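Undergrad: Here the protein sequences come in this chain order: B and C.
Position 17, counted from 1, in the first sequence is what the working numbering calls 17; the numbers after and before it change by one each time, with no gaps.
Position 5, counted from 1, in the second sequence is what the working numbering calls 5; the numbers after and before it change by one each time, with no gaps.
There may be inaccurate statements among the hints.
To be verified - Taking lysine to aspartate or glutamate and the EDC-like style, the derived pairs with C-alpha atoms no more than 20 Å apart in a straight line are: (1) LYS155(C) to GLU307(B); (2) LYS178(B) to ASP278(B); (3) LYS145(C) to GLU307(B); (4) LYS210(C) to ASP121(C); (5) LYS292(B) to GLU115(B); (6) LYS413(B) to GLU32(C); (7) LYS93(B) to GLU147(C); (8) LYS93(B) to ASP149(C); (9) LYS106(C) to ASP457(B); (10) LYS321(B) to GLU400(B); (11) LYS103(B) to GLU154(C); (12) LYS206(C) to ASP149(C); (13) LYS105(B) to GLU89(B); (14) LYS321(B) to GLU147(C); (15) LYS155(C) to GLU348(B); (16) LYS97(B) to GLU154(C); (17) LYS429(B) to ASP457(B); (18) LYS351(B) to ASP382(B); (19) LYS287(B) to GLU125(C); (20) LYS407(B) to ASP278(B); (21) LYS435(B) to GLU125(C); (22) LYS287(B) to ASP382(B); (23) LYS125(B) to GLU115(B); (24) LYS155(C) to GLU373(B); (25) LYS321(B) to GLU408(B).
What the hints assert, rightly or not - Partial pick of chain C residues on the chain B-facing surface, computed with a CB cut under 10 Å: (26) ASP27; (27) MET37; (28) HIS39; (29) ALA93; (30) GLY95; (31) LEU97; (32) VAL104; (33) ASP107; (34) HIS140; (35) ALA148; (36) TYR167; (37) ASN169; (38) TYR181.
Note that these hints are calculated values from the structure, not bench results.
This one's a predicted model, so the numbers in the text were calculated from it and none came from an experiment.
Ideal Cβ placement from N, Cα and C applies to all residues, glycine included.
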Amino acid sequence: MFVVRIGFVHFIPGATWEGQQTKNKFEKMTWARRFVHLRIKGGILNHMMKRLMSCFTNRITSALLFLLIILNAQAQEISTDPAAISAGEALFKADCKTCHRVKEKLIGPALKDVEKRVPSVEWIKNWVRNSAKVIASGDEYANKIYNENAKSQMTAFTGYTDAQIMNVLAYIKAEGAKADVVATAATPAGQGGGGEGVPSGYVNAILVGMVVILIILVVILVLIVNALRRFLDQKQMSEEDREVVNSPISFGSVTSSPGFIFLVVFIVGMIAFKGVIDGLYSIGVQKGYQPKQPIAFSHKIHAGQYEIECKYCHTGVMKGKQANIPSPNICMNCHTQIKSGTITGEGEIAKIYAAVGFDPMTSTYTGVTKPIEWVRIHNLPDLAYFNHSQHVNVGGIACETCHGPIKEMDVVKQYSLLTMGWCIDCHRKTDVNTKGNAYYDKLLELHNSKKPMKVEDIGGLECSKCHY
Amino acid sequence: MSMMSIRNSIAILSAAVLMAGCKAGGDNPGREYAPNMYHSVAYEPLSQITDTDAGRWANSLNNDRGEYYNSNGYNPYKMNMREPAPHTVKRNAYGWLPYHGKNVPKDSVPIVTAGLRSPLDSTAEVVAEGKFLFESYCKHCHGAKGEADGKVSEKVAGVANLRGSSYQNITEGHIFHVITYGAGLMGAHGSQVSPEDRWKIAKYVKALQKQK
Chain B
1 MFVVRIGFVH FIPGATWEGQ QTKNKFEKMT WARRFVHLRI KGGILNHMMK RLMSCFTNRI
61 TSALLFLLII LNAQAQEIST DPAAISAGEA LFKADCKTCH RVKEKLIGPA LKDVEKRVPS
121 VEWIKNWVRN SAKVIASGDE YANKIYNENA KSQMTAFTGY TDAQIMNVLA YIKAEGAKAD
181 VVATAATPAG QGGGGEGVPS GYVNAILVGM VVILIILVVI LVLIVNALRR FLDQKQMSEE
241 DREVVNSPIS FGSVTSSPGF IFLVVFIVGM IAFKGVIDGL YSIGVQKGYQ PKQPIAFSHK
301 IHAGQYEIEC KYCHTGVMKG KQANIPSPNI CMNCHTQIKS GTITGEGEIA KIYAAVGFDP
361 MTSTYTGVTK PIEWVRIHNL PDLAYFNHSQ HVNVGGIACE TCHGPIKEMD VVKQYSLLTM
421 GWCIDCHRKT DVNTKGNAYY DKLLELHNSK KPMKVEDIGG LECSKCHY
Chain C
1 MSMMSIRNSI AILSAAVLMA GCKAGGDNPG REYAPNMYHS VAYEPLSQIT DTDAGRWANS
61 LNNDRGEYYN SNGYNPYKMN MREPAPHTVK RNAYGWLPYH GKNVPKDSVP IVTAGLRSPL
121 DSTAEVVAEG KFLFESYCKH CHGAKGEADG KVSEKVAGVA NLRGSSYQNI TEGHIFHVIT
181 YGAGLMGAHG SQVSPEDRWK IAKYVKALQK QK
């Protein structure tokens, strides 16, 4: 026993073990046994004693073996050092966050307690450096999780050192041990969000209440006047008093007076005239047209909230006449994953799947497609020619100048008049964007004018530029 | 006399109400005049009217169709647009032939693209154009600096951090392939981004990775 204790004292120091960490456990084990044997041999023991002792040493060795495994595990022990954790956090955020969360499943499994379920820490190291290789090697656990996660492949982080992987694990462990503060904090916030509508509800209630009170007041006043008149009628009154009470200027007498009729006819006539003129001017102008679309696609969510560039979907806008409406395969770049929306749930996104023939349950394409019939909003008459690339690419004009605050629209609305006057007006006012455009250099030189060229000056008002 | 003027004003009023119906708004596209000049006889690329009777009253061509009818009856769903015929090769200004690499598994991309070289030179101009294109097509997922922090990466999981260690050594050909056909969780962007633009983006991504 004494021997063993000494042995222990010798074995514990960390430094050498740290260095040998990566070596095979059993190499160390044999060395340990030899050491114990040596010690025992050094004693003066008879045959019986020897046998007893060898049995004893065997026990001791196995006890030692066991302890060493623990020791070894301790050497692979995940650090709780704040420096390691924060280094691990940076790595996790940079490389793993997009597929893994510590506590919830994303593309990959939740990594909380991962070190407890995987075969070994060593396994994790191999896995992170090249998961495909571990799977290909026929590793049972690797193939199991690969199949469980719809056979999606994890990126190979070949450049990761052991220390880096240990740091990431330190971060995962520290994060996993934290109580679910986030989840509990989120609930009251959500409730608060729902309560936002309350003040405006109050305002409406107050308004309605005030109108009701006013009506009641008027009714009461009318009742009082009638009661008073009846009361006065029964009394003896002078002619003068009677005239005051039963005034000849009654409702009937006022409405039939010529002055009143003229006034009413004049006002009604003016309003009607304005209506006709406005109506005539609005013929052929689709400003304000905001049709319901077959899919409740929202620019406010996509272009506004998620900052997707217009050009990502309207692919022709820099290159050609037409801006183009995106084909559903472009929607699928994101909607293979995003299967339900916050506002409309799954119903609207399911319409994209119907169009491209996608089965969201199995994430496979069925091959049966059908077009989406978006309702066209902006549409110049056939007699006029408008080209997007000329304005957006060459002219450098922002979409919002002509299409208005698209990023705030849930349903797209025609914002501008799109009349000839509108085009011409802008061509009169807008400077030509000549900077860095070799096409215009010669022209600028020839003009040699101090003031900037307007579109008008390069022929922006010529009929044939827009009509041919 | 007063009855007359009231009647007149009623007439004007109802005209005004009728006119107000011409104004566009909501689902109502409003009214138009001279429809014969507005509606295209040639196929319109982005809109079609499949109803053969639409605008029959305005027909000026003496054919058996409505004036507004604008649709190609021989195409699927009577669409005016068609997909290119299969196995046709699109030519471009550089005479580049199309690149084929569909359905390559993610981990085989480096092998497949090993011999793929960018036809463009690394001029500042090309890189600057690549930046503009990257910001149009990739930023909302991969982030302005390629660090997978774009707004959409909150919802689309698995976006690669292009500046991470495992992507430092990818080639421009690799990036070109990924844009064209996608890889793993990323969808194919070949239909949106032209081959020339893809090479420009690839140049910019490599420049981005070298930035500190």
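Undergrad: Please go over all the hints and tell whether each is borne out by the structure.
TA: Each hint tested on the structure:
no.: 1; hint: LYS155(C) to GLU307(B); result: holds (13 Å)
no.: 2; hint: LYS178(B) to ASP278(B); result: violated (66 Å)
no.: 3; hint: LYS145(C) to GLU307(B); result: holds (15 Å)
no.: 4; hint: LYS210(C) to ASP121(C); result: holds (17 Å)
no.: 5; hint: LYS292(B) to GLU115(B); result: violated (53 Å)
no.: 6; hint: LYS413(B) to GLU32(C); result: holds (18 Å)
no.: 7; hint: LYS93(B) to GLU147(C); result: holds (10 Å)
no.: 8; hint: LYS93(B) to ASP149(C); result: holds (10 Å)
no.: 9; hint: LYS106(C) to ASP457(B); result: violated (55 Å)
no.: 10; hint: LYS321(B) to GLU400(B); result: holds (17 Å)
no.: 11; hint: LYS103(B) to GLU154(C); result: holds (16 Å)
no.: 12; hint: LYS206(C) to ASP149(C); result: holds (18 Å)
no.: 13; hint: LYS105(B) to GLU89(B); result: holds (18 Å)
no.: 14; hint: LYS321(B) to GLU147(C); result: violated (35 Å)
no.: 15; hint: LYS155(C) to GLU348(B); result: holds (17 Å)
no.: 16; hint: LYS97(B) to GLU154(C); result: holds (10 Å)
no.: 17; hint: LYS429(B) to ASP457(B); result: holds (11 Å)
no.: 18; hint: LYS351(B) to ASP382(B); result: violated (32 Å)
no.: 19; hint: LYS287(B) to GLU125(C); result: violated (41 Å)
no.: 20; hint: LYS407(B) to ASP278(B); result: violated (29 Å)
no.: 21; hint: LYS435(B) to GLU125(C); result: holds (15 Å)
no.: 22; hint: LYS287(B) to ASP382(B); result: holds (18 Å)
no.: 23; hint: LYS125(B) to GLU115(B); result: holds (11 Å)
no.: 24; hint: LYS155(C) to GLU373(B); result: violated (27 Å)
no.: 25; hint: LYS321(B) to GLU408(B); result: violated (25 Å)
no.: 26; hint: ASP27; result: holds (5 Å)
no.: 27; hint: MET37; result: holds (5 Å)
no.: 28; hint: HIS39; result: holds (6 Å)
no.: 29; hint: ALA93; result: violated (13 Å)
no.: 30; hint: GLY95; result: violated (19 Å)
no.: 31; hint: LEU97; result: violated (21 Å)
no.: 32; hint: VAL104; result: violated (12 Å)
no.: 33; hint: ASP107; result: holds (5 Å)
no.: 34; hint: HIS140; result: holds (5 Å)
no.: 35; hint: ALA148; result: holds (5 Å)
no.: 36; hint: TYR167; result: holds (8 Å)
no.: 37; hint: ASN169; result: holds (9 Å)
no.: 38; hint: TYR181; result: violated (12 Å)
Going through the hint list in order, the structure does not satisfy hints 2, 5, 9, 14, 18, 19, 20, 24, 25, 29, 30, 31, 32 and 38.
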